Every structure is written in structure tokens, then in C-alpha cells.
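Here's the letter readout for the chains.
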Amino acid sequence: MREVWWISLIKAAVIVNLIMVAFAYTTWLERKLLGRMQNRYGPNRAGPFGLLQPFADLIKLVRKESFFPSAAHESLYIAAPIASMFTALAAFAVIPFGAGWKIWHYHVDGEIANVSIALILIFALGSIGVYGAIVGGWASQSKFALLGSMRTCAQLVSYEVSLALSVLGVVLMGQSLNLVDIVNKQGATIWFFIPQFAGLLVFLFAMIAETSRPPFDLPEADTELVAGYHTEYGGMRWGLFQTAEYINLITLSALAVTLFFGGWHGPYAPLGPVWFLLKVFVFVSAFIWIRASVPRLRYDQLMRFGWKVLLPVATINAVITALLVVWVS
Amino acid sequence: MIVATVGNVLVWAVWIVAAFACLGSGVAVVSFSNPFYSALALIGNLGSLAVLYLLLSSEFVAAAQVLVYAGAVMVMFLFVIAYIGPRTESPWAGGPSWQAVGAVLAASALLVEIIVVIGLKAGGRLAHSHHIGGSFGSPSYVGRLFLSDHLLAFEITSIVLLVAAIGGVILGAHSRRATDEVPPL
Chain A
158 MREVWWISLI
168 KAAVIVNLIM
178 VAFAYTTWLE
188 RKLLGRMQNR
198 YGPNRAGPFG
208 LLQPFADLIK
218 LVRKESFFPS
228 AAHESLYIAA
238 PIASMFTALA
248 AFAVIPFGAG
258 WKIWHYHVDG
268 EIANVSIALI
278 LIFALGSIGV
288 YGAIVGGWAS
298 QSKFALLGSM
308 RTCAQLVSYE
318 VSLALSVLGV
328 VLMGQSLNLV
338 DIVNKQGATI
348 WFFIPQFAGL
358 LVFLFAMIAE
368 TSRPPFDLPE
378 ADTELVAGYH
388 TEYGGMRWGL
398 FQTAEYINLI
408 TLSALAVTLF
418 FGGWHGPYAP
428 LGPVWFLLKV
438 FVFVSAFIWI
448 RASVPRLRYD
458 QLMRFGWKVL
468 LPVATINAVI
478 TALLVVWVS
Chain E
80 MIVATVGNVL
90 VWAVWIVAAF
100 ACLGSGVAVV
110 SFSNPFYSAL
120 ALIGNLGSLA
130 VLYLLLSSEF
140 VAAAQVLVYA
150 GAVMVMFLFV
160 IAYIGPRTES
170 PWAGGPSWQA
180 VGAVLAASAL
190 LVEIIVVIGL
200 KAGGRLAHSH
210 HIGGSFGSPS
220 YVGRLFLSDH
230 LLAFEITSIV
240 LLVAAIGGVI
250 LGAHSRRATD
260 EVPPL
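Order-wise, the sequence lines are chains A and E.
Each step along the first sequence adds one to the number in our numbering, with nothing skipped, and position 4 is 161.
Each step along the second sequence adds one to the number in our numbering, with nothing skipped, and position 108 is 187.
Calculated directly from the structure, the hints in this document are not laboratory data.
Keep in mind that the hints are not guaranteed to be accurate.
[Stated by the list, open to error] Okay, the calculated bits of chain A under chain E, using three or more residues with CB under 8 Å as the criterion: (1) 273 to 279; (2) 304 to 310; (3) 479 to 486.
[Claimed, not checked] Covered by chain A, according to a simulated footprint, are these stretches of chain E (three or more residues, beta-carbon under 8 Å): (4) 98 to 109; (5) 115 to 122; (6) 146 to 153; (7) 157 to 163.
[Unchecked claim] Per label pair, the in silico range of CB-to-CB distance: (8) E:Trp-91 x A:Ile-235: 27 to 37 Å; (9) E:Ala-252 x A:Ile-239: 57 to 67 Å; (10) E:Ala-186 x A:Trp-464: 40 to 50 Å; (11) E:Ala-107 x A:Ala-169: 27 to 37 Å; (12) E:Val-106 x A:Gly-423: 48 to 58 Å; (13) E:Val-96 x A:Leu-175: 47 to 57 Å; (14) A:Trp-261 x E:Ala-243: 53 to 63 Å; (15) A:Asn-196 x E:Ser-136: 50 to 60 Å; (16) E:Leu-102 x A:Trp-258: 37 to 47 Å.
Note that this is a predicted model, so its numbers are computed, not measured.
The beta-carbon is built from N, C-alpha and C at its ideal position, and this holds for glycine as well.
Given only the sequences and the hints, what does the whole structure look like? Please build it.
Following this line, the structure appears as C-alpha cells:
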């Protein structure tokens, strides 16, 4: 049964806003958790427990002067953060968060768009998102920004390969690129993190590198590059880059949950989205924890790890999975 | 009925926008003086081609086009251009004469092709095929074609790519050895 088009539209609007709220409170959670892990309080002035802090930040960023360097290529400089933000938000469209419901006499799907190439679509949008960083860094016409964007570009391209290869095992087992099919298959058989444990590990490492989070935050290593590709950005334009980064973190966490941890399936009650949100929350918190615990890698270590460890492991995992799938069937 | 009409109008609108974006960005690639802008225009061109693929219900090819060409390959172009720095030159200023001859030949071949297609269509010989099934363009359909009808081409392509990768490794190793031999200052 197909969904009516206006339900899809309403759902898309709701989900986009929910993701923005999720982003806002991910920053709050990150600052709170990091604070507690470093023996301080974190934000605690705006509202109870500092809960209004994200909105205070937003108002501050929006009201800042929107300058740009006099040498900058104006149109590209403005377009880059928009491109980053667009690809980050669009990728969530294909992630399923529920089994679908019948509300009144309309059918509502558990995702915005159910497409047969969902997984490739997410990776395609991710590969377009790289342009936000590289174009932004180049259009600023500043050395630090350019060096930062070169690093970002090299890192993201390197780890994209491992990321794509690491999910190949899941695709082979689920026998589909459609995320809904993959989740259904996991519900019917076994969550794929058990048979695909090597794939999961590679996915998690590559995912931290793709979202440039510590310990793989070399694109923005402040001590070396000031702030990387967004050195020359300020106000809400910088805010857009930052938003895109956090939304990518949420999306990739959701993708990990979908591919390896059974998506919306849960052990006891069929609560759908609640299980999904809970799992994503665990993932995001774990990444914040990693940020607090592990120091940044050196650049050559990062590259060696990506090409000489993750890529071979992901490839071997894919080959073995392919052999086993053929052998079992 | 009304939904079908709206759908048709939508398909036409998307087709017109994508086709003209394709042509416009193609012209932009050769007319920008800054190579960085040319590369960005090429990304736009590949992207609008992907939209045209989508309209032909080949969603897998469209996504692969964006992922491989607009994503991975063009990032390398931009990377190199950004590294080398702005070296602008006028795009319409001369160049070797064989390039001009080649361009004219390619353009006239395309023109002949377009005229032939329009002629076939006018003669009613380019009839719609109704053999396209629901799975057309899906990953499994494309994959089955790769491993059956087009196996040879598929395998030859993989060998060519492998050779290119080995060549890249050898070139890289060679240049590294050359720099190693420089005595420390």
C-alpha cells in the first residue's frame, strides 16, 4: 500500500525539524558529558541544567556580523556551508525508524522515502558533502583554510572507501541495498552485528573519521591549522558547517543502528521509533565518550590506519562474507 | 487521471530543467577562465546527467554516477586544482590546431546523430518499447546484466582499473625513492 504524497511532505517537514532539535541537544549533551568527564559542570546557566543553552548559542550566532574575507570568492564562499547542510539533512530521508503504521485510514511509512538504492544514496550524498569543505576552504583564499580543506578532502576520500566496503557484508547478508529490507531481514533472522562484527568495527572507525570527530579530527586540528577549512567563517555560516557535522554524526549513528543493530526492532515491546532513538542515543553518547578519552592521531598515523588496516580488513570481511553467503545458500 | 497528468507535467518539467542544466554546465566547463569553476561546472553537469538517468528509471546508474563521478573522481580534480593554485588562462585562446579539428569532427558527429534520431522519431521507427519491467534499473537487474550479457566488458574494465592502480603505485614508489636519495641538508 502506498503512502499519499502529502503525508510524505508533512513527515519530511516534521523529521527535518526533529533532526535540528536532535542536533541542538546533541551539542548540549556533548558539552554536559564532556564537562562531567573533565570534572566540571558544563553549561548550567541558561535554563534548568543549561537546557536552553543551544537556543542561546543559536541567537548569538544569528546576531553575529556576517563578514567575509575581501579576497574570498563570494558566491562559492556562501554556497559551501549551504551545500554541506543540504547533503547532511537529505541523507536522513532514507533511514527507516519504524515499521509503518495505519493512522485513521491512511498508511504511514516508517521512513520518508523507501528507495531501492537507499544505501548508495546515503554514500552519494556523503561524497557530495565533501565539496562543502573543499569549496569552502578554497573560496576563503586563506592558507590555513586551504590546508584544512586539503586534509579534510584526503581524509574523507580515504575513509569513504573503507566505510563503503565495511557495509558490503551487510548488503550481502541482507541481499538488498534497501534499508527497510535490511532491517526486516534482521528482524526475521539475527541482528547483523554478530555475524558482521569485523564490518561493524571498520564501520565505526571509518564513521568517526568521516564525521571528523576526535581522535580523527585532523581537518580541524586547532593546534595545527587554527580551525581547518572553516577558519575564515563566522556567525551562522560557521554554524551551518558545525550543524552539518553533528547531523552527519546523528545520521551515521542511525545508519549503524539500521545496518547492524536491527533498526527499530527491540527485545520486548514493539515500540519502533523508541527503540530506534534509544540505540542512536547510545551511539552518539559513545562517540562523545570517545572524544573525551582518546587524544588526536598524527596525520601519517591516520592515513596508514585507513589504508593499511581498515581497508584490508573490510575487503577480507566482504570476501569471506560473500563466500559464506554462497556456501550457505 | 489528474494525478497521472500532474505526474507527466512534473516529469517534463524536471526533464527540461535537467537537460538545460546539462547543456549550460557543459558550456560553462569550457568557458570559465578559472579551472576551479570549470571543475565545479563539470560536477553540475554530472549531477544533471544523473537526474536524466533517474527519469529513465535507472536509479542505480544515477546513484553510481553521483557517487563515483560527481563524488570521488571530481574531488580528485578539485584537490589537484586547489593545490596547484589559480593558473587562469583564456579558454577560447587558440590551442593546438588538432584540438580544433577534433572538436569540429566530434560536434559534427553529434549533429548527424541528433538529425538521424529526430528523423527516426518522425518516421515512427523509434517506437516505445513496452518490455521494460518493474525491476529495470534496479541494482539486482544491473548486477545480473554485468555477470551475464556484459561479462567480458565487465572483466576487461576491472583488469584495466587494476593495471591503472598498479601503475599509480609504481609511479608513487618511484618518486618517493627519488626524494629519498637527496642527501640530508
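We went through each hint and held it up to the structure:
1. Chain E is given as covering the region 273 to 279 of chain A, and this holds because 4 residues of the stretch bring a CB closer than 8 Å to a CB of that chain, at least three being needed.
2. Counting residues of the region 304 to 310 of chain A whose CB falls under 8 Å from any CB of chain E gives 3; the rule of at least 3 is met.
3. Only residues whose beta carbon comes within less than 8 Å of a beta carbon in chain E count, and the region 479 to 486 of chain A has 0; fewer than three means the coverage is violated.
4. Judged by the Cβ-Cβ criterion of 8 Å, the region 98 to 109 of chain E is not covered by chain A as claimed, because only 0 of its residues qualify and three are needed.
5. With 3 residues carrying a beta carbon less than 8 Å from a beta carbon of chain A, the region 115 to 122 of chain E meets the three-residue requirement, and the given coverage holds.
6. Coverage of a stretch by a chain is defined here by at least three residues with a beta carbon nearer than 8 Å to that chain's beta carbons; for the region 146 to 153 of chain E and chain A the count is 4, and the condition holds.
7. Residues of the region 157 to 163 of chain E with a Cβ under 8 Å from some Cβ of chain A number 4, which satisfies the need for three, so the listed coverage holds.
8. A C-beta distance of roughly 32 Å is found between Trp-91 of chain E and Ile-235 of chain A, which places it inside the suggested range of 27 to 37 Å.
9. Look at Ala-252 of chain E against Ile-239 of chain A: about 41 Å separates their beta carbons, and that is not inside 57 to 67 Å.
10. For Ala-186 of chain E and Trp-464 of chain A, the hinted distance range of 40 to 50 Å is satisfied, since their beta carbons lie about 42 Å from each other.
11. Checking the proposed 27 to 37 Å range against Ala-107 of chain E and Ala-169 of chain A shows it holds: the Cβ atoms sit about 31 Å from each other.
12. Separated by about 54 Å at the C-beta atoms, Val-106 of chain E and Gly-423 of chain A satisfy the suggested range of 48 to 58 Å.
13. A C-beta distance of roughly 30 Å is found between Val-96 of chain E and Leu-175 of chain A, which places it outside the suggested range of 47 to 57 Å.
14. Between Trp-261 of chain A and Ala-243 of chain E the Cβ separation comes to about 58 Å, which falls inside the hinted range of 53 to 63 Å.
15. Between Asn-196 of chain A and Ser-136 of chain E the beta carbons are some 58 Å apart, a value that agrees with the proposed interval 50 to 60 Å.
16. Evaluation of the 37 to 47 Å hint for Leu-102 of chain E and Trp-258 of chain A yields a pass: the beta carbon distance comes to about 45 Å.
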